[in-house]
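Peer 1: Given these sequences and hints, build the entire structure.
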Amino acid sequence: MTTVVTLKINGQDVSGRDDETILQVAHDHNLFIPTMCHLDGLGDVGACRLCLVELKGSHKLLPACTTLVSEGVEIQTNSARLAEYRKMIVEMLFVEGNHICSVCVSNGHCELQDMSQTVGIDHIDLEYRNPKRDVDASHDLFTLDRNRCILCTRCVRVCDEVEGAHTWDVMGRGVFSQVITDMNQPWGTSDTCTSCGKCVQACPTGALFEKGKAVGEMSKRKDFLPYLVTMRERRK
Amino acid sequence: MTETIPNTKKRLATIWLDGCSGCHMSFLDLDERLLELTSQMELVYSPLVDRKDFPDHVDVTLVEGSVSSEEDLHKIKLVREHTGLLVSLGDCAVTGNVPSLRNPIGPEAVIQRVYLENNLLNPQVPNQVIPKLLPLVRPVHAVVKVDLYVPGCPPSADVIYYVLSEVLAGRMPDLSGLTRFGK
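These protein sequences, in sequence, are chains A and B.
Quick note: the first sequence, position 202, residue 202 per the numbering used here, numbers continuous.
Quick note: the second sequence, position 104, residue 1104 per the numbering used here, numbers continuous.
Subject to a maximum C-alpha distance of 30 Å in a straight line, what follows is the list of computed DSBU-like cross-link-like pairs (lysine-lysine):
| id | chain 1 | residue 1 | chain 2 | residue 2 |
| --- | --- | --- | --- | --- |
| 1 | B | Lys1183 | A | Lys222 |
| 2 | B | Lys1077 | A | Lys87 |
| 3 | B | Lys1145 | A | Lys132 |
| 4 | B | Lys1075 | B | Lys1132 |
| 5 | A | Lys211 | A | Lys132 |
| 6 | A | Lys211 | B | Lys1183 |
| 7 | B | Lys1183 | A | Lys220 |
| 8 | A | Lys87 | B | Lys1145 |
| 9 | B | Lys1183 | A | Lys87 |
| 10 | A | Lys132 | B | Lys1132 |
Simulated coverage check for chain A against chain B, where a stretch passes if three residues somewhere in it have a Cβ under 8 Å from a Cβ of chain B:
| id | region |
| --- | --- |
| 11 | 112-120 |
| 12 | 126-136 |
To give an idea of the interface, some chain A residues facing chain B are shown, with a C-beta separation under 8 Å as derived from the structure:
| id | residue |
| --- | --- |
| 13 | Asn98 |
| 14 | Ile100 |
| 15 | Cys101 |
| 16 | Ser102 |
| 17 | Val103 |
| 18 | Cys104 |
| 19 | Asn107 |
| 20 | Gly108 |
| 21 | His123 |
Don't read these hints as lab results, they were simulated from the structure.
Yeah, the Cβ is synthetic: ideal placement off N, Cα and C, and Gly gets one too.
Peer 2: Structure follows, in structure tokens:
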């Protein structure tokens, strides 16, 4: 059984259920916490670390998307320290892959591009890694460009949790991590892919896109997801 | 070369490294606002004016393009030395942008493709006039100190106008919310 708890976020008294995350409660009260790997309708994994918040009495920063609220806690969602870390995280996302916004299909509709503006980045001081990454255009309808992937794993989760196919997964470790289809084979040869395109719509950047889209033409539709999930839950 | 007699006008320069000239086109899109700005500034060096050497003293230099060749590197060091406020204008100068697409494969692969594989009639690598490519395309701030960043591909004429108006008034422009990487 869930109970209602009261807590403080940025000094403001708020309440939520004890099975809700800090992120959910903050959003319910119109308090903005930046996120990249969170998507309404999908389970959270705390992959991007952008939603880190401060908890009074603890030196550790906690991801708001995977931390449940509890009675009496005091949470800070914006401080100079958090702003600095968030900037650093977005900078690292930019240098880790090859993000050339001006020639990307998602230019103007990209969550990473938006986030660079939200956290106030106008240049990147870290060295660009310039990794060699593959493009998989073997699927009839969609293309995967790993240069633009930030490993948020939304594609993996939407395919597993909502479509039920689990075509996507992650292989490798550290900077060698990459998203793969089935047993790391060309997407077009996947036996499990249903070509539903949910992964494409869930992807925050231009890493997954519909074939035939030119620069700036790939805008994603994500509204179907919470709707779909709510309808299914009701049917249960 | 004799320098012009200093006056109260700020001395502006623009240079073009490895870019497509789109940022300069955007600069020209200031249209009649350029005339308005000339009451406060003088364009002393630019691809748009006929002067061969970079002047000794420049108040503000707008840099378009990334640092991709030995010539770019030489130029930007010279420019930095003689400039008060150095402005990275546009994504190529700020991030490397399109020129940096070659970074994962290296300059040799590009030269091979352009001058040998795609040139069936007379395949040869030029060894004069064309400056030598650097191993990596770098943003301007990776090689010299940059004072102001104006991302955008290209930054709009409105943004450039705002930047110049503020800088000429002796203020640092706040560009948050006005421009970003890409568009």
